[in-house]
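Undergrad: What follows is each chain in one-letter form.
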Amino acid sequence: MLPENITAIVARNERWSGHAASEPHEAGWAREAVIFVRALKEPEGDQPLARVEISPDGMRWLPEGSEAPMPSRKDSIAVLRVKHFGNWLRVAADFPAGAASTVLATIHLKA
Amino acid sequence: MTEARVTIESSTTSDLAEAMRLAMLRADPGLSRFDPLPRIISHDDFSRGHCGWSQLVGNYEDDLDTMLPGYAQHTSAMLSTLGHWDAGSHGGMDSSYALKVATRPFAGARNVAIKRHTFRRRGPIRFELYLTFKPEATELMLSETDVRSVGFLFDLQGGDRDGDHQRVMPHLRFLNALDGQHLQKWQFKTESTPFQAVGGSDRTLSHYHLAPTGWRDLADGGQRLCYNEIPTKVNWTYLRFDFDLETMRATGFRCNDRSFDMSGFDSIRIPAMKNLWCMLNFCVFAETDVDKRAFLYVDSVCISGDF
Chain L
408 MLPENITAIV
418 ARNERWSGHA
428 ASEPHEAGWA
438 REAVIFVRAL
448 KEPEGDQPLA
458 RVEISPDGMR
468 WLPEGSEAPM
478 PSRKDSIAVL
488 RVKHFGNWLR
498 VAADFPAGAA
508 STVLATIHLK
518 A
Chain D
10 MTEARVTIES
20 STTSDLAEAM
30 RLAMLRADPG
40 LSRFDPLPRI
50 ISHDDFSRGH
60 CGWSQLVGNY
70 EDDLDTMLPG
80 YAQHTSAMLS
90 TLGHWDAGSH
100 GGMDSSYALK
110 VATRPFAGAR
120 NVAIKRHTFR
130 RRGPIRFELY
140 LTFKPEATEL
150 MLSETDVRSV
160 GFLFDLQGGD
170 RDGDHQRVMP
180 HLRFLNALDG
190 QHLQKWQFKT
200 ESTPFQAVGG
210 SDRTLSHYHL
220 APTGWRDLAD
230 GGQRLCYNEI
240 PTKVNWTYLR
250 FDFDLETMRA
260 TGFRCNDRSF
270 DMSGFDSIRI
280 PAMKNLWCML
290 NFCVFAETDV
300 DKRAFLYVDS
310 VCISGDF
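Heads up: the sequence lines are chains L and D, in that order.
Note that this note's numbering has the first sequence beginning at 408, numbered continuously upward.
Note that this note's numbering has the second sequence beginning at 10, numbered continuously upward.
This is chain D alone, in the form it adopts within the complex (with noise of 0.2 angstroms):
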């Protein structure tokens, strides 16, 4: 066989491949919504339990007070129907249930959830999800500017062998208001807190990247989303955030109908752990503006990846 056969026989079958996976992904109802790389590593339907999101719990030493108030406030979080005391459980996608992240009510609370992974190989991944986002209805008032923001962040670290020694984390919010300004924009940040010994011996550290300073805009990020007209109307949005773990940088970002150009966006980026190495963590967030509870509901999470 001739090495241009060889060639052109290779190429056909990797187009069948392809064509075959997606055909499967197109008419799987579950998957059929995302668009995932060639490797599924988790698809989260939350009508099967949590599926590994729990809370972000901070660091500590010998006692809990040591524990930095950011992360102290943080609170499990639950499978809801979005129940609402005017019109019932309004219900997820294709399934009763969603992932919630509930703040404490109170302006510039904070709660997060977490799910926590390795990787394989330093490549592209993929982060989709759908999710909406309300205040507690605690008034009969539209309340469009009473979450503050929702968002989500990655915490990467490369191999211990990689010769590249950083902590990365990108972090992406959108900020729906602040101080009661209708803001409707996403940002990113590049700073975290310095970091600081918890406890008496110096092996635990801790610092908070979720801190509220240092955010940023992205470039033309200006975006408004759907707010259905009452408190307890939603509709699911769709995001699609996909990351190089080669390169540690940011290839694309889509919301609904919009992309947004990535080449001005970077990460937090820190020192290696000694203790994170290929590390994979994806994080979902919400906050609130007034002295209200925000909710940050997730439908369904696919993360996926080419390796």
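So here's chain L without its partners, still in its complex pose (with noise of 0.2 angstroms):
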């Protein structure tokens, strides 16, 4: 049987600002996590760094160590790469006061 490999849309056309984040998502039974996040629209200042972060059991989240700076532009893409998240998988980002950006975060899981 071919691996179990998905395309996961965690956030569609959601402004983010402030402390912002994607929702929990389960993949224990993945491999590796590829992140994309795009700007669907022109960002609102400064942008920040987007990480992953990785729980132990959905409420309470820790940053997994990867980071990429948001998209500074519409339709420009972030993108992050995991191997070892255990099970629940999230992306966040915290914008500075003044500035957002409506993003599509989808997470791209292969067994």
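Careful, some of the hints might be misleading.
[As the list claims (entries may be wrong)] A few chain D residues that don't get close to chain L, going by computed Cβ distances all over 10 angstroms:
hint, residue
1, I123
2, R233
3, R278
4, P280
[As the list claims (entries may be wrong)] A short, non-exhaustive set of chain D residues, derived as facing chain L with CB atoms under 10 angstroms:
hint, residue
5, G58
6, Y69
7, L88
8, S89
9, T90
10, S98
11, S105
12, Y106
13, P114
14, K242
If you're looking for bench data, these hints aren't it; they were derived computationally from the structure.
Just so we're clear, the structure is a prediction, and the values are computed from it rather than from any experiment.
Just so you know, even glycine gets a beta-carbon here, dropped at the ideal spot from N, CA and C.
Dock chain to chain to rebuild the complex, using the hints, since each chain is given by itself in its own frame.
TA: As structure tokens, then:
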């Protein structure tokens, strides 16, 4: 049987500002994850780093260590790749005052 | 050979085939817990992946801002081991995995997973699944009224030459709680919201069939399910819904040990759409009653038909 491979849309057309994060996603079956964050509109203000976060329970979150600059223009894409994340995954970013971005965040998982 | 003997032999062959079918079903650990009709359309055991259960995405045109808010909140279903902070992974019925549909953490939030088919013949279909539900375990409390509801719906339309041009959407939900009241009853609905054009061309329409209004109680539809004693203990519940695509009527509904009278049940019925002929869609959904995520878990699904 071919290994499982799925694309999950975890934030679609969401305006991120302040402390922002995608909804928790369980992916313990997957050996690798690639996360893309695309700016659907022209970002507002200084864009922060996006970071991968992992969790023991889907409720308490810690940075995994992977970071990438949030997209600085409409339709540009940030990418993060992780191989050791246990079960829970999300992507988060802390926007400074006056900054925001409307995003499409997708997680691509492979067993 | 006389006509009577042909009939008897034919009947014997038919009985034997049915007996063999049942014997094979009963001996198959994956199917033995189901009572499928003669043809299995799909049997989804989530240890084999997502099995075609995807996110219900709303319609849009030109800009995602045109999507109705009810749909915009949806996220993708996931494969879960029902991992709990205090007890670890609960697992499924006979594998580690179940399909998980999670709402966002605000009262009234909803999420839907969908499987899209078309049908070959208008006849009986049967939808069977094992499910359970819990709120996110953010409090050390029983939290038994935190999940508003879990449920399922079909989205159906006849063939392009059938004549009875309707789109038919049977909906059933277990209303666990509403505004903190523990109601525990089955409901159906016959109303959607009016269709509205999304975008500027009038070619793309949308309606919100899961709007919170219009739910009606199923006759004698109260049922107390097994809700284990803390938010991280779950028990699997069996559901079976029978529907006849020929008459577009529900013919039966069972949850664990209870069978319900469906004579008063009806579906949302709207004019046929110009592009949805022979549609056979199945959805499962969850709704939360508080500012906390609600989780619907589906261990396995068997969809069968008589065709």
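Undergrad: All hints, please: hold or fail.
TA: Do the hints match the structure? See the list:
1. I123: The assertion about I123(D) holds, with a minimum of 13 angstroms to chain L.
2. R233: Consistent with the label, R233(D) stays out of reach of chain L, its closest Cβ about 28 angstroms off (over 10 angstroms).
3. R278: Nearest chain L Cβ is 30 angstroms from R278(D), so the label holds.
4. P280: holds, 29 angstroms
5. G58: holds, 4 angstroms
6. Y69: holds, 9 angstroms
7. L88: Since the shortest Cβ distance to chain L is 5 angstroms, the answer is holds.
8. S89: Since the shortest Cβ distance to chain L is 5 angstroms, the answer is holds.
9. T90: Cβ of T90(D) sits 6 angstroms from chain L, so the hint holds.
10. S98: S98(D) check passes; min Cβ-Cβ to chain L is 8 angstroms, inside 10 angstroms.
11. S105: holds, 8 angstroms
12. Y106: holds, 7 angstroms
13. P114: holds, 9 angstroms
14. K242: Violated, because the Cβ-Cβ distance from K242(D) to chain L comes to roughly 15 angstroms (cut-off 10 angstroms).
Violated hint for the displayed structure: number 14, the only one.
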